[in-house]
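Trainee: Add chain C to chain A, keeping to what the hints say.
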Amino acid sequence: MAITGLSRRDVLAGGMTAALALAARGAGWAQQKELVANTYGGGWEAGHRLAIAQPLEKRLGVKVTLISMLAAELVARTKAAAGGRPPVDVALVDDGPFLLAIKEGVFQPLPMDKIPNAKGIFEKYRPKEPFGVPIGASQIGIAYNSKKLKTRPSSFADLWNPEYKGRIGLSTPASTLGTVTLLSFARLKGGDEGNVEPGFEAVKSLLPSVASIQAVPANLRTLLERGEVDIAPMWHHDTSILKSKGTGVEFVVPKEGGIAGLAWLAITKGATTELALEYINQGLAVESQQTMAGPPSFIGPVVEGVQVAAEWRGIVPATPQDLERLKTLDWPRINLQRAEWINRWNREIKV
Amino acid sequence: MTRGGGGRGLSRRWTRHLRLWQLVLPASLFLAVYFAVPLVMLFWWSFHAPGVAGLTLANFGKLLTDAFFLQTLWLSVRLSLEVTAVTLVLGFPLAYLYTRLGPVWRVSILFITLLPLLTSAVVRSFAWIVILGKQGLINAALVASGLVDAPVKLLFTLDGVRIALAQVQLPFMLLPLINAMEQLDPSLEKAAVSLGASQAKAFFRVTVPLSAPGVVAGAILSFALTISAFITPAMVGGGSFIVMPTLIYQSAIVTLDWAIASTTAFILLAVALLVVWGGMAIARRYRYGPAGA
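Here the protein sequences line up with chains A and C, keeping their order.
When we follow the numbering used here, the leftmost residue of the first sequence carries the number 1, and every step to the right adds one.
When we follow the numbering used here, the leftmost residue of the second sequence carries the number 1, and every step to the right adds one.
Think of the hints as simulated: they come from the structure by calculation, not from any bench.
The beta-carbon is built from N, C-alpha and C at its ideal position, and this holds for glycine as well.
Take every hint as true, because none was put in to throw you off.
Residues from chain A that face chain C, not an exhaustive set, calculated with beta carbons under 8 Å:
id	residue
1	213
2	338
3	339
4	347
Below 30 Å or equal to it, Euclidean Cα-Cα: the simulated DSS-like pairs (lysine-lysine) are:
id	chain 1	residue 1	chain 2	residue 2
5	A	189	A	148
6	C	153	A	148
7	C	62	A	204
Label-pair ranges, simulated between beta-carbon atoms:
id	chain 1	residue 1	chain 2	residue 2	range
8	C	62	A	257	35 to 43 Å
9	A	162	C	147	22 to 30 Å
10	A	347	C	151	28 to 36 Å
11	C	117	A	313	45 to 53 Å
12	C	96	A	162	50 to 58 Å
Here chain C stands alone, though its shape is the one from the complex:
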């Protein structure tokens, strides 16, 4: 942006801004109608309770003092953090590999990791029932190989849900990571090695910190999608535990208690934003702090 002299330059800049804003106008209108308005209305709902005139904090009070609700909230947050960690551990080496492979391998990696997204959550969950069940592929193989005597319980456990969720969130971690790593100059690592760093040290001190923006973007996507996942925990979890979206579904759809549904949704949203914000703060320190020097 060149700095023009006086008012004329300012107005030209202003016009240019305006033009840019026109470009995002359709998206802004779309979001305003389909996202912001319902969100504001749901927020409004959460401050109303049946039988109470005017605004009230009763819904929040009721939920936040309920031990079961807090346990469920904690389980949702923990599960989402764990799934995000799994996708990071699996995705980081995969992304690193991707940037160092030829076009055929690249396409194969992308195709295989993106494949689960091409089916619906319901179909995917049915597939997991076939794979994880006690009559399923994994157990059939384990029993046939003599490694175990009786089928291992995988379906309807938290572990089963972690596996199923990590699979589908992997691309959301992988793509930002690939994007971040592709922008890195490969000669940086070579330079570090030529200056006496070991290969491992060069990887951890150069590549890892410089990939931080990709990690943050991937982690946010993976966390946000996991904490709002509804079908997979319900089907693969099979009643062994309850997550926040299940609670929201029950009050919004089954019992039509929209005040409680909105409040639950807002508490979940607030906690998720808090976790995301915390993660970003940590990532910023990691990148610009002493480790990145």
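Excised from the complex, chain A in its bound form:
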């Protein structure tokens, strides 16, 4: 993906619009008083419906349609629809795909003065570029089944414990979770975003203990619930959903620190901007953030002043101390190499 190819790609992308935008339209054909936003399904969808869509519908008498679509797919579809009607008005995307989308030029710059609630965003989460605002914070740690495993892990290094042999689940770097897992392993062995080699070595040495590798984290959640795997690097909110079902699955923030993942809201080019800004502003309201921080979504708040129930404290990152412990990753640098990592993973990592 050399930069020199960008201009011609843009031209071609425009040419593809006629056909692909038509296909994308089905999902996003919005009436004047309708807003379409994507969400990630599971807890995210329930949280967004309860905390953003419903209050907005009530207040403005509009219709908000939430469609379930993962970040990477959303960016690809929005790119395909460039110049025509985008698949959604408001996009929900993770760090990596968010930066990729900005580079592809599919999001509008946001007039921050039209989003008054953005003032409450934690310093640590403030956007560097005006193409989106964070809507939820997540952390990646370790999910393990306390009913089936005797030893509670305390670090990613504990995955190599022989007790966990045949019980481990992993994700491929095609997902944000998998990319973060690879980097966490790399850091464990002295690597970083610039040197992922130790990460691959670590994954290979762990393979004899791995039961399954999934491309979609939601599948890993099902496997944990079914007892097909009992321990896996996992998002805190997916783990919390499992925990709240009484499965015995617990979330551990590794002692080297959980890794922060932010979900961003952005407005696509060609969207109904006014309504989209209302949606974003509603999402950043303290009450909405408070609702999302509890069951069934467990999404970490991005604004100050949200209280998390005692049971979920430390798991749902909310306090300045929680934020202090969270580590962030260098996503611009990761994005440049991600294709190569996925490619290498395809070739070298097999259960």
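Mentor: Below, chain C without anything else, positioned relative to chain A:
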């Protein structure tokens, strides 16, 4: 079609053709907009590479000289052929049985085989996790019966994927087979037997060759749907191997490398067409060759 004399007949035929064409006009337009145009554009994309001016074969060169890519391609083709063979072996007797049963049984067979199509691939794959897993139904039964000591690994294996894919492709094999067999005159087999052929010989020399069109149609559908299956290999396979649609998904969706995605898609399409064409050629020889005489 009656042959009219001179120009008048020709023009009448022409008008009739035109009328028939009008009937397929909506379908043609639909396919042109939603299928042909994107396909042509994807084809165009596959001849462009970042940093290269004009048309290039660089994408094809890069992929076709890559051992991993070729292995994946071969795995996809092999898996699809195997699944098609399984559906044929399961579907042929079932279709034969179907044509010889009463209406109640017929409806039951159709309902049971079509049932998997009524759920989404995601739901179906979750069901397979419940059935094939080490805590799953099959393993629970095996362990409880004392046949095995420890659970057998079925989930996240190629075998598991073969089973899951064969289940969902079975109706696509079964329906054309039933259609072909229902057109056969049952008295043909009886005639063969009365002329001295054994029941088995009559089945293999009469019914089987005459069902060839159904086999070809069923095999094409089953093969094409298997080679393009994405969700089932990903979920039931669980990272134990990679198939072509996974590669296409990764470059089209995750890394946004559309040139490579289009090229991969076109190579897959070309290979699939080649296999289908080869299968049809073999089937034609089987039907009209010495065996069918």
